[in-house]
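Chemist: Next come the chains, spelled out residue by residue.
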Amino acid sequence: MEQHRILIYILLAIAVTNLIRVIPMLFIKGQISNRFIRSFLYYVPYVTLAVMTFPDMILATPTPWPSLVALVIGMIAAWAHLGLLPVAAICCAIVYFLM
Amino acid sequence: MSGNWKHIIHGFRDGFPIALGYFAVSFSLGIIAAKAGLTSGQGFLTSFFTRASAGEYGTYTLISVRAAYAEIIAMCLVVNLRYMLMSAALSQKIAPGTPWIKRILMACCITDEVFGISIAHPGYTPPSYMYAAALLSTLFWASGCAIGITAGSLLPQHVVTALSMSLYGMFVAIFIPPARRDRNVLYAVIASFVLSGICAVAPVVSQWSSGMRTVVLTIIISGVAAWLKPIKTKGDGAA
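Line by line, the protein sequences give chains G and Y. Numbered as in the working numbering, the first sequence ends at 573 without a single skipped number. Numbered as in the working numbering, the second sequence ends at 534 without a single skipped number.
These are calculated hints, taken from the structure and not from any lab test. Check before you lean on any hint, since a few could be wrong.
Think about it this way: if two alpha-carbon atoms lie no more than 20 Å apart in a straight line, the pair counts; the simulated EDC-like pairs of lysine to aspartate or glutamate are [to be verified]: (1) 301(Y) to 366(Y); (2) 397(Y) to 366(Y); (3) 330(Y) to 366(Y); (4) 330(Y) to 530(G); (5) 301(Y) to 530(G).
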């Protein structure tokens, strides 16, 4: 029964995530013209990721300060245009050595 | 046919560095999935067919608290909203006359990084280029998650905790560069940190699930940002 429930969660996630990708491709011809919707969609990814990063990241370690340091240094590294892999590696290394 | 092979090889070439990064990140996602009670087979399937870092993170955290099905739907909708914009942008990069089935498959290939290289491809994006890059990176992504689920429990706890930082590191690497380019994104990110921090400790709101908080905060902050600071240029703003 438990497995059954997990399977439904998984199938829902798969269905919604892929429908979101496919629907605009099927229905949008040309650029979206509504300025508010375009602006809203522009901000959504960054706001979502920021909300999911803080405070979750600093709550993920037993004491908040190693991950807080990792967050700050990671942000500086990303600001300096280091890519996805280096930034992720820096955050892991900092928490590993400070914890 | 030879032209098609060239696109496939280019797709693998550009997809490989993405695949390596994905492996590291999805490994830590697997650790979270294990906590939610997923088997490595289920993690592989979920990762293979969703290919959504933030969406999967949200999904696994919701599964671990056995949230309502509607919450999963709302979470996947909002957290993956950016894919809608990317899909709209990608539709402009597909050669006219491309069959619908190929358009749908290309849309399903969208992730932040695969979209990035596909949009950067000169001229129309060849379907086979995108398929190759997506297939390679997705295999690494799904394997990383499956191995994370299995190996996460074998590793010492402090190593697991340290590795779990890679997911947040990836999030930071995605939202900081646009915040540097665009001051309004920077303000939106700062507002997100502050409000999200407040909501995690505030009465009533802190009782909501983290998925619910993510959805509500994303809609409110993005809506206010779009209202106060609408985008000016005609670019798609997604790359």
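Chemist: It remains to establish, for every hint, whether it holds in the given structure.
Modeler: Against the structure, the hints:
no., hint, verdict
1, 301(Y) to 366(Y), "violated, 43 Å"
2, 397(Y) to 366(Y), "violated, 31 Å"
3, 330(Y) to 366(Y), "holds, 19 Å"
4, 330(Y) to 530(G), "holds, 16 Å"
5, 301(Y) to 530(G), "violated, 43 Å"
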